[in-house]
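For the sequence shown, full-length UniProt numbering gives the first residue as 1, with consecutive numbering after it.
I should point out that these hints are in silico values taken from the structure, not numbers from a laboratory.
Careful, some of the hints might be misleading.
Unchecked claim - Derived Cβ-Cβ restraints for the label pairs, each shown as a range:
1. Gly164 to Glu19: 51 to 57 Å
2. His109 to Lys168: 26 to 32 Å
3. Met57 to Gln153: 47 to 53 Å
Claimed, not checked - In silico DSS-like links for lysine-lysine, alpha-carbon gap of 25 Å or less:
4. Lys90 to Lys132
5. Lys158 to Lys132
6. Lys175 to Lys161
7. Lys26 to Lys136
8. Lys168 to Lys132
9. Lys161 to Lys136
10. Lys136 to Lys158
11. Lys38 to Lys90
12. Lys136 to Lys175
13. Lys90 to Lys158
14. Lys168 to Lys136
15. Lys132 to Lys161
16. Lys26 to Lys38
17. Lys38 to Lys132
18. Lys132 to Lys175
19. Lys158 to Lys175
20. Lys168 to Lys158
21. Lys90 to Lys161
Values in this document were obtained by computation on a predicted structure and should not be read as measured data.
Idealized CB from N, CA, C, for every residue including glycine.
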Amino acid sequence: MSYALTLNMQLAVPGGSIEGYAQAIKAIPMLTPEQERKLAERLHSDNDLEAARQLVMSHLRFVMHIAHSYRGYGLPQSDLIQEGNIGLMKAVKRFDPTVGVRLVSFAVHWIRAEIHEYILRNWRIVKVATTKSQRKLFFNLRSAKKRLGWLNQDEIEKIAKDLGVTTKDVREMEKRLGTHDISFDAPSDADEETEILSPAGYLEDNRYDPSILVERQNWKDHGQGQLYKAL
């Protein structure tokens with residue numbers, strides 16, 4: 001499948017009406033496991049772009065659900081959704097229906113990866129994470145600070161151990177996260193009624209991790225081992 005598929009299937013998210021977009025994608029029927037498998041087989045065997053379109057369209061609601069959990073970075077929700085859609089299209093392109101895992105389980109990795117890249121490119125004027133370990137620390141430390149507040153030495157050591165980094169790395173990232181770029185202190189969307197004081201005020205809440213919610217709610221018949229194998 002050519003990369004033209006990704007370019008031609010990009011979906012415009014209405015800049016002024018996220019609610020209207022949400023209603024539109026929720027009206028798109030979800031696929032049964034058998035329908036999904038047949039469409040994926042058509043895509044891989046015949047390069048069927050209509051099959052790819054149906055696979056993408058039926059999963060847009062999950063992209064929006066995942067993008068919503070990243071609203072705390074002070075970036076436009078419409079942009080987060082669009083980046084997530086790109087990740088979904090990449091997942092559709094690589095999805096193997098013979099593995100035995102549903103597309104949504106496989107796509108979560110790609111959707112979140114695209115959103116992460118977008119946030120890292122745009123969250124601050126000065127990039128806060130350039131290496132793989134820094135990126136991992138960036139997203140996990142924000143969540144930890146949301147739960148724990150100011151980190152003491154024991155908490156820093158535990159985070160460092162859990163993430164496989166040094167305590168120095170944790171302290172340096174904590175210092176970076178403590179600085180603010182004024183350009184991102186404004187509300188993320190023009191139609192928001194409530195003033196947002198800063199991006200740090202709305203952090204991702206991992207208690208409602210979209211990948212976990214989606215998998216638990218919709219695809220209980222697939223084990224975690226199959227998901228990791230597919231990724």
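Could you see if the CB distance from His109 to Lys168 stays within 26 to 32 Å?
-> holds (29 Å)
Quick one, are Lys158 and Lys175 close enough, alpha carbons at most 25 Å?
-> Roughly 17 Å between the alpha carbons, so the hint for Lys158 and Lys175 holds.
When you check the alpha-carbon spacing of Lys136 and Lys175, does it fall within 25 Å?
-> holds (16 Å)
Lys168 and Lys132: Cα distance at most 25 Å?
-> holds (16 Å)
Assess, step by step, whether the Cα of Lys90 is no farther than 25 Å from the Cα of Lys158, and give holds or violated.
-> With a Cα-Cα distance of about 35 Å, the restraint between Lys90 and Lys158 is violated, given a limit of 25 Å.
Would you mind confirming whether the straight-line C-alpha gap from Lys38 to Lys90 stays at or under 25 Å?
-> Measuring from Cα to Cα gives roughly 19 Å; hence the hint holds.
Is the hinted pair Lys132 and Lys161 satisfied, with a Cα-Cα distance of at most 25 Å?
-> holds (16 Å)
Does the structure keep Lys132 and Lys175 at a Cα separation of 25 Å or less?
-> Satisfied, since the Cα-Cα distance of roughly 18 Å is no more than 25 Å.
Is the hinted pair Lys168 and Lys158 satisfied, with a Cα-Cα distance of at most 25 Å?
-> holds (13 Å)
Restraint check for Lys38 with Lys132, where alpha carbons must lie at most 25 Å apart | Violated, at roughly 37 Å.
Mind checking the alpha carbons of Lys175 and Lys161 for me, to see if they're no more than 25 Å apart?
-> holds (19 Å)
Verify the proposed pairing of Lys26 with Lys136, using a straight-line Cα cut of 25 Å.
-> violated (32 Å)
Of the numbered hints given earlier, the model fails hints 1, 7, 13, 17 and 21; all others are met.
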